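*Asks:* Model the full assembly from the supplied sequences, consistent with the hints where possible.
First to last, the sequence lines map onto chains A and B. All residue numbers for the first sequence refer to the working numbering, where the first residue is 3 and numbers rise by one. All residue numbers for the second sequence refer to the working numbering, where the first residue is 27 and numbers rise by one.
A couple of the hints might just be wrong.
Quick list of simulated restraints, FRET-style, between CB atoms [stated by the list, open to error]:
#1 B/F271 / A/E297: 37 to 45 Å
#2 A/E297 / B/D378: 31 to 39 Å
#3 A/T283 / B/L221: 37 to 45 Å
#4 A/H285 / B/A344: 30 to 38 Å
No lab work stands behind these hints, which were simulated from the structure alone. Everything numeric in this text was worked out from a predicted model, so none of it was measured. Note that the Cβ used here is the ideal one computed from N, Cα and C, for glycine as well.
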Amino acid sequence: MKETYIDEKDLNMYRIVPAPPKWDLQEYIVTYLKEQDERYLAWFLHYYEKALNKNVQGYMRQFFMQEHFADLKQAYIAGLLKALSKYTPDGGASFVSFKEYYAEREIFDYIRSMRTGFTVQSLAEYAKLRKAMAVWDKYDRSYADAMIEAVAAEIGETADNTKEILLGGLLNENRVDLYQQYAVDDEAESTEEAHPDTTSDTYTLYMKGELYARLWDAYNKLEYTERMMLAQRLGFCFDCHSTFYMDYDDLDEYGEPKKKPINPMMYTDIATDHEYSSANTAHKKCEKALSKLREAIKDLI
Amino acid sequence: MDKISFFSADYRDGRVHIGGKSYPAGTFAAHLLTQYYINDTAARIIVFTSDNWLLESSLERGYLFVPNFLRAGADILNIFNALPWLKPFDMLDVDAERNRIAELFTEENGNKIVEYFQRRSKVMAMDEGQTMFNTLPKEFDEAFFKESAALLSEVQKTLAFYDGLRDDLMKAFKQLKTFASRVDEADRFDEEHLLPIALEIFGSVPFPVTTEYVPIRKSTRSKTETLARRLYFNSYYSFVITDFFEGLHHGHYPRQCGICKKYFLMTSAARQKYCTGYAPFTVKGKAITCRKYAARINRKELADGNPVIRIYKNRCSAIRVERQRVKIDNALATAALALAKEYMQLAKNDPDYANGQYETDMRRDRLYAEADRRLNGK
Numbered sequence: 003m004k005e006t007y008i009d010e011k012d013l014n015m016y017r018i019v020p021a022p023p024k025w026d027l028q029e030y031i032v033t034y035l036k037e038q039d040e041r042y043l044a045w046f047l048h049y050y051e052k053a054l055n056k057n058v059q060g061y062m063r064q065f066f067m068q069e070h071f072a073d074l075k076q077a078y079i080a081g082l083l084k085a086l087s088k089y090t091p092d093g094g095a096s097f098v099s100f101k102e103y104y105a106e107r108e109i110f111d112y113i114r115s116m117r118t119g120f121t122v123q124s125l126a127e128y129a130k131l132r133k134a135m136a137v138w139d140k141y142d143r144s145y146a147d148a149m150i151e152a153v154a155a156e157i158g159e160t161a162d163n164t165k166e167i168l169l170g171g172l173l174n175e176n177r178v179d180l181y182q183q184y185a186v187d188d189e190a191e192s193t194e195e196a197h198p199d200t201t202s203d204t205y206t207l208y209m210k211g212e213l214y215a216r217l218w219d220a221y222n223k224l225e226y227t228e229r230m231m232l233a234q235r236l237g238f239c240f241d242c243h244s245t246f247y248m249d250y251d252d253l254d255e256y257g258e259p260k261k262k263p264i265n266p267m268m269y270t271d272i273a274t275d276h277e278y279s280s281a282n283t284a285h286k287k288c289e290k291a292l293s294k295l296r297e298a299i300k301d302l303i
Numbered sequence: 027m028d029k030i031s032f033f034s035a036d037y038r039d040g041r042v043h044i045g046g047k048s049y050p051a052g053t054f055a056a057h058l059l060t061q062y063y064i065n066d067t068a069a070r071i072i073v074f075t076s077d078n079w080l081l082e083s084s085l086e087r088g089y090l091f092v093p094n095f096l097r098a099g100a101d102i103l104n105i106f107n108a109l110p111w112l113k114p115f116d117m118l119d120v121d122a123e124r125n126r127i128a129e130l131f132t133e134e135n136g137n138k139i140v141e142y143f144q145r146r147s148k149v150m151a152m153d154e155g156q157t158m159f160n161t162l163p164k165e166f167d168e169a170f171f172k173e174s175a176a177l178l179s180e181v182q183k184t185l186a187f188y189d190g191l192r193d194d195l196m197k198a199f200k201q202l203k204t205f206a207s208r209v210d211e212a213d214r215f216d217e218e219h220l221l222p223i224a225l226e227i228f229g230s231v232p233f234p235v236t237t238e239y240v241p242i243r244k245s246t247r248s249k250t251e252t253l254a255r256r257l258y259f260n261s262y263y264s265f266v267i268t269d270f271f272e273g274l275h276h277g278h279y280p281r282q283c284g285i286c287k288k289y290f291l292m293t294s295a296a297r298q299k300y301c302t303g304y305a306p307f308t309v310k311g312k313a314i315t316c317r318k319y320a321a322r323i324n325r326k327e328l329a330d331g332n333p334v335i336r337i338y339k340n341r342c343s344a345i346r347v348e349r350q351r352v353k354i355d356n357a358l359a360t361a362a363l364a365l366a367k368e369y370m371q372l373a374k375n376d377p378d379y380a381n382g383q384y385e386t387d388m389r390r391d392r393l394y395a396e397a398d399r400r401l402n403g404k
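*Replies:* What follows is the structure in C-alpha cells.
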C-alpha cells in the first residue's frame, strides 16, 4: 500500500530552533512539575516528538486513518497533558510509560468520534465492546447460541445485547476506508482510492502474462504424478486445463449438458488414484510441486 | 476350424496357439478357475450332461429307446448356451458343432441305430451251420451296416465327450483351485518350487493325447515358420491339465487376487498379490482397480509385486547398463529414464494404459525412439 504523505510541519510541530539543552526525558518532566514552567514541557516535546510521531503513525495504520495524522497527534498530546496533571514522580514509573494509557484513550476517543463506521457512545461502552470481543475471541469466535450466552454471562449483558455489541465489534474490525485523502505539495487536497482496480493496467497485464507463462512453464516441467496431483487438488482438467466440465448426465431445459466446476479432490482420493496408501504422501507431493512453482516465480512477486 | 469334440492346440516357447490366436501357456487353466462360477457356467454345462450316461450304457448293451436319444441331443444343444463362455470353446466353431449335434441326434438316426441293433441281432443269432457256410441272414446289408456302425461310433464319441465334460470341469477346477491356494507354500514361485506341489495335487494321471509336429508362425508378423507340437485332445480335462503343466514348465501359474478373488495367470516369480482388473467395490461411486483398492485399505503389496513398477525397474536397469557400456550416450539415457518414469506414473494412474499400451511403450526400441524424438524436439 502506498505510504500516505505527511506534511513536514505536522511531523515537526514542536521543534524548537535553536535546540534546547539535551537532558534525560524524565528530567524535563520532573523540572516542569517542580517549577511549573512550560518551557521544560516544550523542551520535552522537542526531544520526544520523533517517538511520538512513530506512536501516532502506528495508530494511524492500525485503524486505517491515514489522513488523520495531525488530529491523532493532537489527541495524543491531549492524553499526554491529562497524564501530566495526574503524574507524580514519586509513583516510580517514568512519565513516558505513565502517559501511554492516557494517550491511547484519547486516541481511541478521537477515532470513535471522527471515523465513519460503527461508533460507541462512551468510553464505558467502548470498554465493554473490547471486553466482549476479547471474551468472544477466547471462545474461538463461535456463532453458536451457547457461546453467545457464555459471552453474555461474562460481560453481564443479555444475549440480545451481546449479539449487538459483537456485531458492532465485527463491523469495526471489517471497516476499511475506500478512499484516502492526503495533501500534496501545493496543499490542494485530493482523494485516491485505497483499493483501486488496476487489473486492466498495461503493466499489470504484462506482469500477469509473464507470471502465467512462468507458472505454466514450471508446471510442464513437473513430473507426471505431480502435474496430475496438482490438477486434481486444485480442480482443473489435466488435459485442457479447464476448471469446468460438461455434465452430460445433467441436461438443462434446452437439452444441453450443464457446465459445472471441477471439484478439487481430497488428498485421500488423490493418494488412492496414484496407488498410495497415505493421504500425507499425496499432500507432500502436492506441496513439493507447489514449492517448485513458487521457486519459478519468486523473483517476480 | 477344429471340432469341439476333438480340438487341438499348438505349443511352442511357453505359448499356446489355438483358434488362430496365441496365449501364454496356462491361460486356459486360470480362465477355468475364474469362469467356473461366473454366470453359473459350470452348473449350466453340468446339469445338461447328468443323464446322458444312461443312453451311453444302453448303446453299449445294444439297445436304444429313441425318445431318450432325442432328449440327449436336446440336452447337448442346451450346453451350447453356456459353453461359449468357457475358453477355448469360444474360439472354436460353436455354430458348426451345434448343427452337427442337431443333425446327429435326429429321429431318423435314432431309428437307424435301432434298426442296426435289430439287424445285427439277427446276424449275432446265426446258428453253427449258417456261420460255417457264411450264410448271412437276409437282414444283413453291408452298406447299411458300415454306415450305421460309423454313425453309432460318432454318437458314442460325442456322448463320451460331453458326458465327460461334467467330470472334467469339476475335477480340473477342484485340483487347480487347490493348487492356487497352496502356491504361497512355495519358497519361490518358480518351476522348481511349484512342481512338487503340482505333482502332489495332480498326481500322474495318464490321458490319451495324439501328438503331431507342425510348422507354425509364432505371430502374425513372423516371416518364417517354426516347429511346434500339436496336441489333439479328446477330453477337456486333458486339455486343461496339459495347458497347466505346459505353463508351469515356463514358470506360469494361476494365482488368486486378494481383493476380487478372481484368478489370474502369473508369468513371473514375483509375489504379486492383486490382479490388474477392477475391484468388485466402488469408491465414491467410481470403479477402482484391485491394487488401488488395496492401497486404500492399507493392504498395499510390496513394490516388487506391482507389475507396472517391475517393468519400469527392469527397463531402467537395462538403460543404465547400456549407458555404462557406452551403447547409448548420456543425454539419451537420461531422457529415456525420465520418459520411462513418466510412463510408469501414467500406468499407475491409468489402469487402461497399464493393461494395454504400457508394456509396448516400455519396449527398448519404442522408448529410445520416443526419447530421441523429445530430445531433438522432432
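*Asks:* Okay, which hints does this one fail, numbers in order?
*Replies:* The structure conflicts with hint 1 only, although it agrees with all the remaining ones.
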